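2 protein chains.
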Amino acid sequence: MNNFVYYNPTKIIFGKDTQKNVGDEVKKYGKKVLLHYGGGSIKKSGLYDQVIKSLKDNDLEIFELGGVVPNPLLSLINEGIKMCQDNDIDFILAVGGGSVIDSAKAIGGGVKYNGDVWDFYAKGLTCTDSLPVGTILTLPATGTEMNFRSVITKDDTLEKRGASFPNPVFSILNAELCATLPKNQVANGLVDMLAHVFERYFTNTKNVELTDYQMEAVMKSIIELGPYVYDNPADYDKYAQIMWAGTVAHNYSLCVGRETDWATHQIEHELSGMDSSIAHGEGLAVLFPNWMKYVYKHDVDRFVQLAVRVFNVEEDFFDKEKTALKGIDALINFYKRLNMPLTLRDLNINEDKIDELALLATRNNTITQGNFVKLNTDDIKNILLLSR
Amino acid sequence: MNNFVYYNPTKIIFGKDTQKNVGDEVKKYGKKVLLHYGGGSIKKSGLYDQVIKSLKDNDLEIFELGGVVPNPLLSLINEGIKMCQDNDIDFILAVGGGSVIDSAKAIGGGVKYNGDVWDFYAKGLTCTDSLPVGTILTLPATGTEMNFRSVITKDDTLEKRGASFPNPVFSILNAELCATLPKNQVANGLVDMLAHVFERYFTNTKNVELTDYQMEAVMKSIIELGPYVYDNPADYDKYAQIMWAGTVAHNYSLCVGRETDWATHQIEHELSGMDSSIAHGEGLAVLFPNWMKYVYKHDVDRFVQLAVRVFNVEEDFFDKEKTALKGIDALINFYKRLNMPLTLRDLNINEDKIDELALLATRNNTITQGNFVKLNTDDIKNILLLSR
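As you go down the protein sequences, you meet chains A and B in turn. Counting from 1, one number per residue, gives the positions in the first sequence under this note's numbering. Counting from 1, one number per residue, gives the positions in the second sequence under this note's numbering.
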């Protein structure tokens, strides 16, 4: 077990109707609010009206910036920064999914930074000063509602990069808001949150029995409740648990004291960066089983543990590899159950893009990805070939 | 799943040698520090010298108040409050186990309160304003290092009560400091942290599959690693996991969205309140199996789940009660392995005290205890009779 620092001051307000009192929370931090959101779905669902009412009931002055797209763009962030600076806005309320929240974090940090906010992303730096950001989460997936990460895309180069910012000061989570989510968004969210656990589970750090068990608890919940929620997103009590699982999966409580991996996320960033019609969850569903098949011999016992404890595979004590591979097959079946793509072909990515993707993922062969197994350009190419 | 608010802003600094930089953290909050501790063990171990050095290296002015006893006393807390007020102390550093930290929380709240700090305990109120408190934990058990609770005892009446205070601003956890703990303290800590999970696990709230799994993860870790740590407290990597399990068990992350019980803790408070030579863990080891035997029929399935998932009991699908009782037997065996007392007789509590204890636990038959099953005076008497 490694030394660690854990600090997570986001206040979570969880449950039915909680979004209706958002103004009570916002007024603790500011008077002029930038309401930041995506497309029109929050207007159609009535959430927008509820938020506006609560903000007005608390005498808050409202500025609006909608239009956040999946893979949120630097150009809109810069627009938001200017709006905040021109109007002395002192609070940002993000209402939406992970893209809206990541965009809000960038705006909050950019307002306080004397320079181009992309600097933080270009160099993977940590921004320590920000306008306070609060969130109302509408799509459980990325975990950004209770962590310090933000991933955005630069419009001109389509580079997709991450940086660190202060956590949201509060996040409101109400699974009632998920009842009308399109099925593919539910599925992408499930794949993403499960992947956040995988990236932490595969480690070379020893003496991590406790966090192994804790991660298996979250993975089992996602795998057991996920398909039901996919079929029945309006079942509050089940989706509420999935919503919380998504937050816990990526609030950094599960990986304390252990090295984490993140190679698959890095490769996926290049995939959905190359074609913005590919959802992050779709790319992960294609890549993760093939990453696993490529690296499992590095620590077969860990893959056996995953298979037995999480996927209820009957262990073959005389053939560990067989057990490990059955676990990976069970993961593929989980993705199939959610109608996820399973190959690059399913994503309309042609084989001739593989070399380019592998080079992008290693910054032209200058870096490796991952920690569990360090992957060079050839390794990533091989994983992509397995993913055809 | 119930609505909930979760907010836990304690910064955890975890790992080897971390106590040596405590001054770097303290100076973020204050200049004049009350160093609060118990008996002489931190002086014998060298920890005291390390702390003093780091505080002095950071130009902090040090005031000292030692002498905290298990079941910390209001009289010493009042002395601490006066010291802080007389000397404009602006930070409290608690170095020790749960008693020292609970005492420090009370001092911190009392300094800012215009009245008797016991008011919060007498009425079970929440104190929202406090001097900042930081901690260096030397005995993993109570979880107070990352929560808002404090339990103290009033000297004259021996009443033992709890209240709520702001969380510690930071807590330093280094399992190297546990290497020389006496065996009985290691064991009491293990029993206490396991009990903190039990109090949350037994619930009537439905749709709690995720938090069930999360609690089982922590319980399995304590049960599997605990006996080894009892035998080998100097094994850093194993004790570090137990230390973190003790924190997670009681940092309120495991019980989000579910009703909790706490009857056994309440009864135990009367037991160790009656005889201060009884450690909290000892009382819990005597009471918990008998509480379980008394209430298990209320929800046999939940006890079967505990037996099968946590204690690896082979399920008898045709005799659930048998399975449930095997789980309780496994718990008793765990306590035996740690050389814990198992009966009131082992605690030198005579049978003729049972009526008095049952009345104390229900404030003279005016309240019930617990939520999983509500216990009146007769119920508690019956549990104590089972515990003879």
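What the hints contain is simulated information worked out from the structure, not anything from laboratory work. Computed from a predicted model, the values in this text were never measured in an experiment. Be careful, since some hints might not be right.
Pairs involving identical chains hold if they fit within one copy or between any two copies, as the list cannot separate such chains.
Derived pair list, reagent style BS3-like, types lysine-lysine, alpha-carbon separation capped at 30 Å [stated by the list, open to error]:
no. : residue 1 : residue 2
1   : 220       : 322
2   : 27        : 11
3   : 11        : 326
4   : 32        : 154
Quick rundown of the hints versus the structure:
Taking the closest pair of Cα atoms, residue 220 and residue 322 come within 30 Å of each other both inside a single copy (21 Å) and across two copies (27 Å). Taking the shortest alpha-carbon separations for residue 27 and residue 11, both the intra-copy value of 15 Å and the inter-copy value of 25 Å come in at or below 30 Å. Taking the closest pair of Cα atoms, residue 11 and residue 326 never come within 30 Å of each other, the shortest separation being 40 Å inside a single copy and 41 Å across copies. With identical chains, the CA atoms of residue 32 and residue 154 are at most 30 Å apart within one copy only, with a shortest distance of 28 Å there and 48 Å across copies.
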